[in-house]
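Both chains are sitting in their own frames, so use the hints and assemble them into the complex.
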Amino acid sequence: MLRTEINELLTQTGPGTPMGELFRRYWQPVLLAEELPENDCPPVRVKVLSERLIAFRDSSGRYGLMDEFCAHRGASLWFGRNEENGLRCPYHGWKYDVTGQAVDVPSEADNGNFCASVKLKSYPMVKLGDVLFAYLGDPAKQPPLPEWEAYTVPEGQVFTSKRLQECNWLQALEGGIDSSHVTFLHGGNLESDPLFKGSKGNEYNKGDLKPFFEVVDYEGGLLIGARRNAEEDTYYWRVTPWVLPNFTMVPPRGDHPVHGHFWVPIDDENCWAYSFDYHPTRKLTDVEVAAMRAGKGVHSANDAAYRPLANKDNDYLMDREAQRRGETYSGIEGIALQDSSLQESMGPIVDRTKERLVATDAGIIKARQKLRKAALALQEGVEPVGNRPQDQKVRSVAKVLPREQAFVDGIGEAMRAEPGKPHTTV
Amino acid sequence: MFENLSIPVGPSSCAEATTAKEAAFRIDYPLPAARNTRIIALDAEAAEIVRAASELEWGEARFYVTSDPGTELVTMDGETVALEGEIAESNTLVMVSVSGENAAAMAHLGEVCYNQGIMTAGLAMTPGDLDSDALHHLRPHARVLLVPAEPDDLVELLWATRA
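Residue numbers (the numbering used here), protein chains in the order written: chain S, 27 to 452; chain A, 571 to 733.
None of these hints come from the bench; they were simulated from the model. Among the clues, some could well be false.
[Stated by the list, open to error] According to the in silico footprint, chain S covers these stretches of chain A (three or more CB under 8 Å from chain S):
no.: 1; segment: 585-593
no.: 2; segment: 699-708
no.: 3; segment: 721-729
[Claimed, not checked] Label-pair distances were calculated between CB atoms; the ranges are:
no.: 4; chain 1: A; residue 1: Ala590; chain 2: S; residue 2: Pro116; range: 33 to 39 Å
no.: 5; chain 1: S; residue 1: Phe210; chain 2: A; residue 2: Glu630; range: 23 to 29 Å
no.: 6; chain 1: S; residue 1: Gly40; chain 2: A; residue 2: Gly648; range: 49 to 55 Å
no.: 7; chain 1: A; residue 1: Glu615; chain 2: S; residue 2: Arg71; range: 54 to 60 Å
no.: 8; chain 1: A; residue 1: Ile597; chain 2: S; residue 2: Lys153; range: 44 to 50 Å
no.: 9; chain 1: S; residue 1: Pro445; chain 2: A; residue 2: Ala585; range: 42 to 48 Å
Just so you know, even glycine gets a beta-carbon here, dropped at the ideal spot from N, CA and C.
Bound-form chain A, shown alone (with noise of 0.2 Å):
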C-alpha cells in the first residue's frame, strides 16, 4: 500500500502542529462580517416564526414575507420591497414554510437564486410530518432541506451560519 510514495524527510509537521500548545499560536482576529442571510416566510404561520426569530440580534440577516408571485417581499416593519434589490447582496436565502402555499412564489425565488448564485435553504416547519406541501413545494427549490424543522432550527441555523 505504501510503496513508491514520497516519505518526508525530517521532522514532521504535522505532529508538531497539531498539538493544543499549537494551537494557542492561531491567528486570533475579528470574523469578517456576518453572512447576507435573507429569511423568507412564505404564509401566515411561517410569518409568525420568522418574527420572532427576527427580534433576536443578528448581523446583517434580513426578514420577510412574501406570497405569490414572490416578485415583492414584506418587511418585518409591513414595508414592500422589490425582491431584486433585496437579494442583491445577499448569499444566502432561506424560505420557511409551514402550510406549502404560494408555490409560485418558491419557484421565483429559487429560479432568481439559481441565476444570481445564491444559497438556498428551506425549512418546512412541518413537526411529525415526514410528507408535506410544504416539503414538496420547497424540494425543487432548495439546495438544502431540513424536513421536518422546528421553530429553533431556524434560530440555529442562523446563529450557526453567522447570520
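Just chain S, with the same shape it has in the complex (with noise of 0.2 Å):
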C-alpha cells in the first residue's frame, strides 16, 4: 500500500516534478538507432518524460533532439525537410541544427543577427550498440555516457527491441523486480521458448516452486536474489539486479543470451520498454535474432510504431483454450504480452492505496522506497545513484551455491560486466 500523495510523486515524472527532476538525472534510450537509419532521413516524433520532441540525423550524421515545434508559428517540425545539415520548417522555411540554433531565416532581412537569437530547447543524443540514450537534465549535471553492458559489447552481441507499454512507468517497473510471479504467469514458456529452454535452471525452477527470496540493497540500487533448491546441500540463486532508477537484468538460463528492461516514461499513462539481448562473449547466432525479431523471450511482434500486435484493442489475442491445456498460464502468448497485459489492466495509473502486498513483494517495497528516497534528497541537493559507470557494470547471475553461502559472496565477482568475461549461468 502507499499513500496517495507518494504514488503521485513516484509516477508523475513531467519537467519540474520530483520523479521527473530525478529521471533527468540519467541517460534514458529514447530511440532504437534503426529509427533514424541514415543521414538526412525522415525525422521522428520523440515523446519521453512527457515532453514533446523531434528526433533527427543530420547531414554530416550527427543526432539532434530537439523541441518538436518550431519557434515562429509552433508548426511540427515532424513535417520538417532534413536537408543540409539542419531541420527545415516547411511552412516558413525556418531551420535549425541538432542543437537547436537556428541556421536560416529566410525572410529576416537581418538572417544572420537573427537567427542567433532564435534556439528550440534541445539535448544531447549519442549512439551506444543499437539504441539512441539521451539526456534531459541540467547539462552542469550531465553524467558520464552509459556503461550498459549491453551496450558495449563488439557490434553483434546485442539486439534491442522496443515496446509500447500502456500504462505508468513503474507498474511496468514493478513487474520486472517481481520475482515472485514468474513460476504462474510466465511458468508454461520456459521450455517452450527458444530464448530460454534447455538449461539445467529450468529444472531446477519447475522443481521448487516456493523459491525464498533475499532483498540486498547495493549501491545502485538492489539486488533481489531468488532462492530455489538445487541438490541436496545446494540451492539454485537467480540474482535480478535493478538500477536506480528504471533498468533490470533477468537471470540468465544456459549460453542463452542475457536480457534486460529499461522502462522509460512516455508520459503519465504510458511508458516503453526498452528489452535487450546480448550475449558478453560471442555474437548472437541469426536463429536467435530471428526469434527475437519474432518476438519470443523477452521481445514482442511489433507494428510499424512498434506497438504489439496483440494488445487491448485485440484483448491481446487471448487464447483460452491455449489457457485450459496449459500452454500458457493466462491465455496470452509471450512473455512480453503476458507482463504487459496485466499490467496494462490495472489501469493507466494503478491506485496504491487499493493494494495488498505481501511479505513476497518486499523488493518492490525497497524500490520504491529507494526511489522515493532519491527524488526527495535530490531536491535537498543531493546526487542520485545509477547514473555512474560503476553502478552500470553489472549482471545479473544464475549459481548453484552450497546452501549455507550468501549469494552475494557466492556470486563474488559474477556480477560485475567486464569485457569478455563468461556470464555465469546454469
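Next up, the structure:
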C-alpha cells in the first residue's frame, strides 16, 4: 500500500516533478538506432518524460533531439525537410541545426543576427550499440555516458527492441523486479521459448515452486535473489539487479543471451519497454536474432509504430484454449505480453492505496522506498546513484551455491561486468 | 506466431476496461482488517528498533522480544506469553536481528511457522554489512530476507503490508 501522495510522487515524471527531476539525471533510451537509419532520413517524433521532441540525423551523421515545434508559429517539425545539416520547417523555411540553433530564417532581412537569437531547447543524444540515449537534465549535472554492458559489447552481440506499454512506467518496472510472478505467469514458457529452453536452471525452477527471496541493498539499487532447492546441499540462485531508476536485468539461462529492460516514461500513462538481449562473449546467432524479431524471449511482435500486434484493442489475442491446456498460464502468448497485458489491466496509473502487498513483495517495497528517498534527496541537492559507470557495470547471475553461503559472497565478481568475461549461468 | 488463436469478435473488453475513466468505476469499499503480523526482536539492539516501530499506529500488528529457545515471547509491556498462543491467528511473522544472537530461537520460530503455514520474513539490521551472523542465522528460516536492512525498512514493510 502507498499513500496517494507517494503514489503521485513516484508516478509523475513530467518537468518540474520530483521524480521527473530524478529521471533527468540519467541518460535514457529514447529511440532505436534503426529509427534514424541514415543521414538526412525523415525526422521522428519523440515523447519522453512528458516532453514533445523531434529527433533527426543530419547530413553529417550528427544526431539532434529538440523541441518538436518551430519557434516561429509552433508548427511541428515532423513535417520538416532534413537537408544540408539542418531541419527546415516547411511553413516559412526556418531551419535548425542539431543543437536547436536556428541557422537560417530566410524571410528576415537581418537573417544572421536574427538567427542567433532563435534557439529551440535541445538535448544531447548519442548512439550506443543499437540504441540512442538522451540526457534531458541540467547540462551542468550531465553524468558520463552510460556503460551498460549490453551497449559496450562488440557489434553483433546485442539486439534491442522497443514496445509500447500503455500504463505508467512504475507498473512496468515493478513487474521487472517482482521475481515471485515468474513461476506462475511465465511457467509455461521455460521449455517452449527458444531463448529460454534447455537449461539446467529450468529444472530447478520447475522443481521448487516456492522460492525464498533475499533483497540486498547495494549502492546502485537492489539485488533481488531468488533461491530454490537444487541438490541436497545446494541452492539454485537467480539474482536480478535493479539499478535506479528504471533498469532491470533477468538472470540468464544456459548459454542463451542475457536480457533486461529499461522502462522509460513517455508520459504518466504510457511507457516504452526497451528490451535487450546480449551475449558477453559471442555474436548472437541468426536463429536467436530471428526469434527475437519474432517476439520470443522478452521481446514482442510489433507494428511499425512499435505497438505490440497483440494489444488491448484485440484483447491481447487471448487464447482460452491454450490457457485451459496449460500451454500458457494466462492465455496470452509471449512473456512480454503476458506481463504488459496484466500491468495495463490495472489501469493507466494503478491506485496503490488499494493494494494488498505481502512479504514476498519486499523487493517492490524496497525499490519504492529507494526511489522516493532519491527523488526527495535530489530536491535537497543530494545527487542520485545509478548514473555512474560503476553502478552500470552489473550483471544478472544464475548459480548453484552451497546452502550456507550468502549469495552476494557466492556470486562474488560474477555480477561485475568485464569485457569478454563469460556470464555465470546455469 | 498468431496462427490458430481464437481472436475475439466484437468490441474489445480490455480496451474499454483499462481507461482512467473506467478506473473511476471500480468498487470503493473499506479494505478488510489488517494482516495479523507478529514482529519479534531477537536481541537487545533489535528490541530497540522494534519498540520504536511499535509506538506507531498499527492495525493488528503485535510486537515482542524473544531469546533462546524462542518458546516464549515478551511483549512491549514486559508480559511473558507463549509463542504458540500469540501466533495462532497470525499470517506473517517478521524476525528482526542485529547481532545474530539467539539462533535457536530463530530456528524454533521458523519451524513453528513452517508447520502452521505462516509466512516468515527476516530483517538483518546490519547497515553496510552484507555478511553477518544475523544474515546466516535468519536465512534458513525466513522466506523473505532484507539484507542489510535499516530501521525504517521495518516500518516500510509493515506499512506496505497493512500491518
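Hints, one by one, checked against the model:
By the rule of at least three residues with a Cβ nearer than 8 Å to a Cβ of chain S, the coverage given for the segment 585-593 of chain A holds, with 7 such residues. Note: the segment 699-708 of chain A has 4 residues with beta-carbon separation from chain S under 8 Å; the three-residue rule is met and the coverage holds. Coverage of a stretch by a chain is defined here by at least three residues with a beta carbon nearer than 8 Å to that chain's beta carbons; for the segment 721-729 of chain A and chain S the count is 5, and the condition holds. For alanine 590 of chain A paired with proline 116 of chain S, a C-beta distance near 36 Å keeps the hint of 33 to 39 Å intact.
Distance hint check for phenylalanine 210 of chain S and glutamate 630 of chain A: the Cβ-Cβ separation is about 28 Å, which falls inside the suggested range of 23 to 29 Å. Between glycine 40 of chain S and glycine 648 of chain A the C-beta distance comes to about 52 Å, which sits within the given range of 49 to 55 Å. At about 56 Å, the CB distance of glutamate 615 of chain A to arginine 71 of chain S agrees with the hint of 54 to 60 Å. Against the hinted window of 44 to 50 Å, the Cβ-Cβ separation of isoleucine 597 of chain A and lysine 153 of chain S comes to about 49 Å, which satisfies the hint.
Checking the proposed 42 to 48 Å range against proline 445 of chain S and alanine 585 of chain A shows it holds: the Cβ atoms sit about 46 Å from each other.
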